[in-house]
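Line by line, the protein sequences give chains Z and U. Here the numbering used here is used: position 60 in the first sequence is 71, and no number is missing along the way. Here the numbering used here is used: position 13 in the second sequence is 29, and no number is missing along the way.
Keep in mind that the hints are not guaranteed to be accurate.
To be verified - Derived, one-sided and incomplete: chain Z residues facing chain U with beta-carbon distance under 7 Å:
(1) L48
(2) M49
(3) F60
(4) A86
(5) Y100
(6) G116
Unchecked claim - Selected chain U positions facing chain Z (in silico; Cβ < 8 Å):
(7) L87
(8) P136
(9) L170
(10) A173
(11) A181
Everything labelled a hint here was simulated from the structure, so no lab data went into it. Remember, it's a predicted structure, so these values are computed and weren't measured experimentally. For glycine and all other residues, C-beta sits at the position ideal for the given N, C-alpha and C.
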Amino acid sequence: MVPLWMYLAVAAALFSLGVFGVLARRNAVAILMSVELMLNAVNINLVAFWRYSETSTDLLLNGYAFTAFVLIVAAAEAAVGLAIIITVYRNRRSVIPEEAVALKG
Amino acid sequence: MELNAITIGFVVFTIFTLGGGFGVVTTRNLFQGTIWLMVSLFGVAGYFILLSAPFLAAVQILVYIGAIAILITFAVMLTRSVTRIKERYIRIVPSFIGSLLLFLILLFGVTVPIFGGHLPESAPQYVASTRDLGIALVDENGYVVPFLLASVLLTAAMIGAIVIARDEKAKGG
């Protein structure tokens with residue numbers, strides 16, 4: 012059996028990759044893909060803690076169910092985020108977030 | 017940690033997950049980026065299998081690889097973002113240093129038990145099944161309220177995405 016800290020280390024590496032992508036990539040679609048990586052790192056953590064915890068029967072499914080809800084929210088986030096990116100591209104001919112400055116004060 | 021099927025699977029899925037993630041944040045061509053994203057998400061689905069959550073692995077493949085990755089592919093095509101952007105990165109050095117520091121802090125946090133206690137080496141024998149999850153999702157003592165709210169959220173996101181992405185000028189009426 013693989014010890015728990017290895018799953019957590021992999022999730023930490025994946026989350027850091029996602030943080031790097033969000034901060035450093037210029038393309039909005041690439042930023043959204045990096046956000047998906049971060050969400051997946053969180054999901055690995057949730058399922059790993061759920062699997063390795065010796066909980067009472069009342070709490071038996073908390074991590075499992077919470078991961079399912081994170082998946083649902085990720086799907087909604089991707090749909091709305093990509094719709095916003097397509098709209099911004101249609102109006103400004105650009106997918107670079109720094110160039111979408113119409114709301115800048 | 018002996019060499020068995022679970023360990024080999026863990027190593028393979030680690031290569032998939034982290035290699036795919038590295039491809040996502042480094043590739044120049046965003047089409048290849050979506051392929052790397054699929055590889056990474058497939059590795060995460062493998063982790064779910066190893067962690068005895070087969071339902072989540074199936075949902076991961078259906079929702080992420082089947083839906084979200086295809087959606088991102090369409091976004092890449094619709095925005096023609098493959099060819100226009102010459103530079104991949106903005107402020108690469110501070111971002112790299114920041115994420116590397118974050119990784120080291122997280123790695124320190126999960127390997128060194130600062131707050132006392134220790135992380136378990138092996139999982140308990142008993143594990144809840146998909147049937148338990150299905151019952152808990154519609155149980156009033158379980159997760160029926162978040163379950164219903166999730167369906168409302170998905171409907172709202174679907175309508176919102178259609179409204180946001182609709183082309184006003186192309187409307188017929």
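Hint by hint, here is what the structure shows:
Contact between L48/Z and chain U, as hinted, is supported at the beta carbon level, the nearest pair being about 5 Å apart and thus within 7 Å. With 7 Å as the threshold, the beta carbon of M49/Z stays out of range of chain U, its nearest partner Cβ sitting at about 10 Å, so the hint is violated. Against a cut-off of 7 Å between C-beta atoms, the interface hint on F60/Z is violated, since the closest Cβ of chain U lies about 9 Å away. Taking 7 Å as the C-beta cut-off, the interface hint given for A86/Z holds, the closest approach to chain U being about 6 Å.
For Y100/Z, the shortest C-beta to C-beta distance to chain U is roughly 4 Å, which falls under 7 Å, so the interface hint holds. Here the hint on G116/Z is broken, as its CB sits about 22 Å from the closest CB of chain U, past 7 Å. At a threshold of 8 Å, the smallest CB-CB gap from L87/U to chain Z is about 6 Å, leaving the interface hint in force. Checking P136/U against chain Z: minimum C-beta separation of about 5 Å stays under 8 Å; hint holds.
With a cut of 8 Å, the hint placing L170/U at the interface with chain Z holds, because the nearest CB-to-CB distance is about 6 Å. Of the supplied interface hints, the one on A173/U holds, with its beta-carbon coming within about 3 Å of a beta-carbon of chain Z, less than 8 Å. A hinted interface residue such as A181/U counts as satisfied when its beta carbon comes closer than 8 Å to some beta carbon of chain Z; here the least separation is about 4 Å, so the hint holds.
Checked against the numbered hints listed earlier, the structure breaks hints 2, 3, 6; every other hint is satisfied.
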